[in-house]
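J.: I would like the entire structure built from these sequences, with the hints used as guidance.
Protein chains in written order, with the UniProt record's numbering: chain C, 1 to 175; chain U, 1 to 175.
If you're looking for bench data, these hints aren't it; they were derived computationally from the structure.
Where hints are given, some of them may not hold.
Taking lysine-lysine and the BS3-like style, the derived pairs with C-alpha atoms no more than 27 Å apart in a straight line are [stated by the list, open to error]: (1) U:K152 - C:K164; (2) C:K162 - U:K152; (3) U:K78 - C:K162; (4) C:K152 - U:K162; (5) C:K152 - U:K164; (6) C:K152 - C:K162; (7) U:K78 - C:K152; (8) U:K162 - U:K152.
What follows is a set of in silico ranges between Cβ atoms, one per label pair, in the way DEER data are often shown [to be verified]: (9) U:I107 - C:N36: 28 to 34 Å; (10) U:G110 - C:Q121: 37 to 43 Å; (11) C:D3 - U:T168: 25 to 31 Å; (12) U:R80 - C:V5: 26 to 32 Å; (13) C:V55 - U:K164: 41 to 47 Å; (14) C:H87 - U:G100: 38 to 44 Å; (15) C:Q121 - U:M108: 36 to 42 Å; (16) U:I17 - C:P56: 48 to 54 Å.
We put the CB at the ideal spot given by N, CA and C, even for glycine.
Protein chains: 2
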Amino acid sequence: MGDEVTRVMVAVNESSIKGYPHPSISSRGAFEWTINKIVRSNVSAFNLFFLHVQVPDEDGFDETDSIYASPEDFKNMKQRDRIRGIHLLEYFVNRCHDIGVVCQAWIMQGDPKEVICHEVQRLRPDFLVVGSRGLGPFQKVFVGTVSEFCWKHAECPVITIKRKPDETPQDPVDD
Amino acid sequence: MGDEVTRVMVAVNESSIKGYPHPSISSRGAFEWTINKIVRSNVSAFNLFFLHVQVPDEDGFDETDSIYASPEDFKNMKQRDRIRGIHLLEYFVNRCHDIGVVCQAWIMQGDPKEVICHEVQRLRPDFLVVGSRGLGPFQKVFVGTVSEFCWKHAECPVITIKRKPDETPQDPVDD
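T.: Next comes the structure, spelled out in structure tokens:
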């Protein structure tokens, strides 16, 4: 029944809600679902791969401190992004460590949906888990959905975990 | 880490290739994938639910013996469909029995994609596994795809297992 471990890639991102702890509601839900429903107590049979894709300058618009006057400002911003990304991955790696699942985590830059599909091609996981805000068709027009793109284009099976209705923030686009 | 078993619904169908053993290539692939990559040796932690949806008279067009001259002919046809459906489910139930996974299997009539989503709503599995022929966009226009509909409408996470390229029959619409 397969001696090799099952390799699961989990795409994770930061919360868009200020002051909220780092992982988004839907990435945390996707991770917990994977642990509770798939891995369960069979921790040695699975390896998790956490990929966090940072969109350059994603949060630049609503941060009042994002005024760039020198090359140093850009360097500071990049440094800040890097630290935030590391904190995000720390959350998931710590959880895996507590549970006893072997994992790896890394950060990339770019368009999340494209980078995720590219990393799937490179690493060939057995499947990909993506959280989803579960937006309606009208909202999707404006925000796009990574999960739908990955479902169509990733070269491995994809499982989309929709956010629970009772965890939806006031603005459902937030996560 | 969850004391309740993980309930997995697997939608299965018959092969469209005459003379081929009963399960379609993609349903068998989806089942084997679920066993090898998810259930693995943790057989007591999972229950499988096999749903086979029969489309009434699906194969009537190319069977030379499908001439209906009396109410008896329809009864015979229904009886034949029932037997074929049972043979299909027997394959999966036997496999589960050999592996040691608890399962249930049943047959329903109707439009597969709608019946599957309806049964998900009724049984609330933790996730649904659907095989897919992995057709291109042009072929999809003509044959429709159950997996895409379920991915969009089923009220649980859906994992689509595409048929392996080396298992594609001469006519990729066959399965």
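J.: Tell me, which hint numbers fail for this structure?
T.: 3, 7, 12 and 13
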